[in-house]
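Same order as they appear, the protein sequences are chains A and B. Just add 31 to wherever you are in the first sequence, counting from 1, and you've got the working numbering. Just add 31 to wherever you are in the second sequence, counting from 1, and you've got the working numbering.
In short, the hints are calculated from the structure, not lab data. One or more of the hints may lead you astray.
Claimed, not checked - To be clear about the criterion: a stretch of chain B counts as covered by chain A if any three or more of its residues have a C-beta under 8 Å from a C-beta of chain A, and this derived list gives those stretches:
1) 246-259
2) 279-292
3) 349-362
Said to hold, decoys possible - Chain A residues, not near chain B, derived (Cβ > 10 Å throughout):
4) 105
5) 301
6) 329
For glycine and all other residues, C-beta sits at the position ideal for the given N, C-alpha and C.
There are 2 protein chains.
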Amino acid sequence: MARRETAAGGPGSRALVVDVIRSAGAVSRVELTDITGLTQPTISNIVRDLLAEGIVRETGSSASARGKPRTLLAINPTFRYGVGFHLGADTMTCVAIDLTGGVVGREVVSRAPDDQLAERLAAQYDEFVAGLDLPRGRVDGLAVVAPTPPPGSSAEAAGAGSWLGRARGELRDRIGKPVIVENDAAAAALGEFWSRRISREQAFGCIYVSTGIGAGFVFNGALLRGAGSDAGELGHVSIRHDGRPCPCGNRGCVERYASMVATVDAARDRGELGRRLNLRGATSVSHAYDLVARAAVRGDDAALQVVDQAARYLAVAATSVVNLLDLGRLVLTGPGVALAGSVYARRVRAHLDETAHARRRHGVRVELSAQPRDAASIGAAALVVQAAVAPGHSPDPMR
Amino acid sequence: MARRETAAGGPGSRALVVDVIRSAGAVSRVELTDITGLTQPTISNIVRDLLAEGIVRETGSSASARGKPRTLLAINPTFRYGVGFHLGADTMTCVAIDLTGGVVGREVVSRAPDDQLAERLAAQYDEFVAGLDLPRGRVDGLAVVAPTPPPGSSAEAAGAGSWLGRARGELRDRIGKPVIVENDAAAAALGEFWSRRISREQAFGCIYVSTGIGAGFVFNGALLRGAGSDAGELGHVSIRHDGRPCPCGNRGCVERYASMVATVDAARDRGELGRRLNLRGATSVSHAYDLVARAAVRGDDAALQVVDQAARYLAVAATSVVNLLDLGRLVLTGPGVALAGSVYARRVRAHLDETAHARRRHGVRVELSAQPRDAASIGAAALVVQAAVAPGHSPDPMR
Numbered sequence: 032m033a034r035r036e037t038a039a040g041g042p043g044s045r046a047l048v049v050d051v052i053r054s055a056g057a058v059s060r061v062e063l064t065d066i067t068g069l070t071q072p073t074i075s076n077i078v079r080d081l082l083a084e085g086i087v088r089e090t091g092s093s094a095s096a097r098g099k100p101r102t103l104l105a106i107n108p109t110f111r112y113g114v115g116f117h118l119g120a121d122t123m124t125c126v127a128i129d130l131t132g133g134v135v136g137r138e139v140v141s142r143a144p145d146d147q148l149a150e151r152l153a154a155q156y157d158e159f160v161a162g163l164d165l166p167r168g169r170v171d172g173l174a175v176v177a178p179t180p181p182p183g184s185s186a187e188a189a190g191a192g193s194w195l196g197r198a199r200g201e202l203r204d205r206i207g208k209p210v211i212v213e214n215d216a217a218a219a220a221l222g223e224f225w226s227r228r229i230s231r232e233q234a235f236g237c238i239y240v241s242t243g244i245g246a247g248f249v250f251n252g253a254l255l256r257g258a259g260s261d262a263g264e265l266g267h268v269s270i271r272h273d274g275r276p277c278p279c280g281n282r283g284c285v286e287r288y289a290s291m292v293a294t295v296d297a298a299r300d301r302g303e304l305g306r307r308l309n310l311r312g313a314t315s316v317s318h319a320y321d322l323v324a325r326a327a328v329r330g331d332d333a334a335l336q337v338v339d340q341a342a343r344y345l346a347v348a349a350t351s352v353v354n355l356l357d358l359g360r361l362v363l364t365g366p367g368v369a370l371a372g373s374v375y376a377r378r379v380r381a382h383l384d385e386t387a388h389a390r391r392r393h394g395v396r397v398e399l400s401a402q403p404r405d406a407a408s409i410g411a412a413a414l415v416v417q418a419a420v421a422p423g424h425s426p427d428p429m430r
Numbered sequence: 032m033a034r035r036e037t038a039a040g041g042p043g044s045r046a047l048v049v050d051v052i053r054s055a056g057a058v059s060r061v062e063l064t065d066i067t068g069l070t071q072p073t074i075s076n077i078v079r080d081l082l083a084e085g086i087v088r089e090t091g092s093s094a095s096a097r098g099k100p101r102t103l104l105a106i107n108p109t110f111r112y113g114v115g116f117h118l119g120a121d122t123m124t125c126v127a128i129d130l131t132g133g134v135v136g137r138e139v140v141s142r143a144p145d146d147q148l149a150e151r152l153a154a155q156y157d158e159f160v161a162g163l164d165l166p167r168g169r170v171d172g173l174a175v176v177a178p179t180p181p182p183g184s185s186a187e188a189a190g191a192g193s194w195l196g197r198a199r200g201e202l203r204d205r206i207g208k209p210v211i212v213e214n215d216a217a218a219a220a221l222g223e224f225w226s227r228r229i230s231r232e233q234a235f236g237c238i239y240v241s242t243g244i245g246a247g248f249v250f251n252g253a254l255l256r257g258a259g260s261d262a263g264e265l266g267h268v269s270i271r272h273d274g275r276p277c278p279c280g281n282r283g284c285v286e287r288y289a290s291m292v293a294t295v296d297a298a299r300d301r302g303e304l305g306r307r308l309n310l311r312g313a314t315s316v317s318h319a320y321d322l323v324a325r326a327a328v329r330g331d332d333a334a335l336q337v338v339d340q341a342a343r344y345l346a347v348a349a350t351s352v353v354n355l356l357d358l359g360r361l362v363l364t365g366p367g368v369a370l371a372g373s374v375y376a377r378r379v380r381a382h383l384d385e386t387a388h389a390r391r392r393h394g395v396r397v398e399l400s401a402q403p404r405d406a407a408s409i410g411a412a413a414l415v416v417q418a419a420v421a422p423g424h425s426p427d428p429m430r
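Modelling step: build the complete structure from the supplied sequences, incorporating the hints.
Put into structure tokens, the structure is as follows:
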């Protein structure tokens, strides 16, 4: 790669260096110079700072063509930590990760009512960090993620995530650390990017299947945000212009065909299947969905047909996204792919193979998340870690 | 805005400063410091370089609250130029622009055969620049743009735009200037961004309606490129999962419903309209389309219904894109909106008003291009200008 003309090491350069070390696993200073295109003095300065801060450590050496062994640099995983909370309908998942995305703590608690949110979240943060025995000074803050409020809902009418936005300042004051607020699907995308060691050159997307459907995109190492930080509303991409009406006002939104809610509805519509799985007795949409997905995986033909049809619908929207953004890598995550993920991955791969432009020009890797149910909370914690060690990405606008 | 922590002025900082001056029109150094968040010494250094290179000039002064008048900085429009060629099916549009996107020369010539491409393009570049009496040293190079080869075509089988890619090195050697190759819709997006003085904070998209449909997106001042620089294939976003088959292998691609080709087909299917407009006598798809669009604008009910239906289909895909990327501003351009653009803009605005998430949280401005037929060639020239005066954006990977 041609050397860039400047030796200046702005925040973007530091973020680039951290990203290359993270995605490479272990890398020498000479390789860093080659890969980043930054000058040798810039690399030396940045690495010196990262070593001094404990973010990076030296980890053995590699043989070099020129004889002298080169010291390898790696992320120092246990030196700093991030905490992420994912607000679900009734519960909250709390996760702490280290600098490489490894989960060091996890807890599911009941969700606090909105009017006591800041107080309860702060108390939960304190308890969670103390319970894990993490040195408080090495925890870089908290990110709280939640679904974007549905259009037309009271939460939406009050402004985008405004209850969470209002709680944020108080929360920051209470815990004395930075607090980030983000959409759950976007956070999940950053978490997958961070913990999978994906390199920033790969245009990366993540589809989050839950009671709704969302997506997140990571380009050049940073979450893609839109004019109002609402990018990723994949659920409201129409797959049928004259299709099922959606509360958002549109028709044919893929959420009406392939979310967990839509799949449970489709199963209920097959009366015999619904009775056999006792869907009426389910305590929640998630519970009902899991009954259907588990039956599909165990070989129940009717259940498999329902899940497979949802996967086909999802594949149509996934292909549109891949065509529009020319993604090189796509991860499926969220509770909707926890049990029957392989059905979804198979359909998405097949549809991309048959149709996607990109697929003919370069591979489009389609993968399943290793932790689909926790992806949003892990992603939240990854937002904290990225903001702390690799600042310079487009900042969280609500921060 | 909080001051950023570093004073370093890498290529990204220079691009940021140029973008702020360009979008502001005229701005003082103090305002530049406030808007960019860069330190005062960094701004001083960058501005000094830009003045020395002639890219920026001082242009009067403004009153200041603190009493001392401030010198204003503006882009020096006529100091550097870019040339863009848009390869159409039979013709090539050649454009030269100045640093603010103003067109200083335009010519349409017949298109060279692919096997003599580099030689003929080089000769045309020489003649075009000489004919405009532009100082050759102030012309920063050439960008050649064309539609992405259709999937399944021989051009596609030979690799993405490979004939153009192969011609590029030879072309660069012949003209002795940098040569950029890009998709036409993506180039059009950059051209609209550049010449409309849009600020880099606005997530910006452009839809290009021609014999196919494409799109381009500008985020943080840079064209959004994907894993293979193929982002923007809006034409192959499906608006009906079980809809019309497309040569790409997919079904319901919006290109099959709303491109100029699809609209001409729809007009022909209404036998009476086709006969009345004598579509059989048209010399090309563009000619036939213009007959339909002109009739629609003049109040021919049947023609208007055909164009309006195409606009409704386009609006569905446009809404999906706005939801997915949370765009704040959208421009419609290309020969397909040259005559009946208001029909398309009305439908897109109406559909966004009824359905888009973003529209409820911030405005989504929908605008028509001022030069829809030349948007791709102007955009090509803008790519040259941006690469010359504001390097540091994600580079053209084929360069």
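So, going through the hints one by one against the coordinates:
Coverage of the stretch 246-259 of chain B by chain A holds in this model, with 8 residues showing a Cβ closer than 8 Å to a Cβ of that chain against a need of three. For a cut-off of 8 Å, the count of residues in the stretch 279-292 of chain B with a CB near a CB of chain A stands at 4, and the three-residue condition holds. Beta-carbon proximity to chain A at under 8 Å applies to 10 residues in the stretch 349-362 of chain B; the threshold of 3 is reached and the given coverage holds. For residue 105/A, the requirement that its beta carbon stay farther than 10 Å from each beta carbon of chain B is met, with the minimum near 25 Å.
Even its closest Cβ contact with chain B, about 20 Å, leaves residue 301/A beyond 10 Å, as expected for a residue assigned away from the interface. Distance check for residue 329/A against chain B: the nearest CB is about 28 Å away, which clears 10 Å, and the non-interface claim stands.
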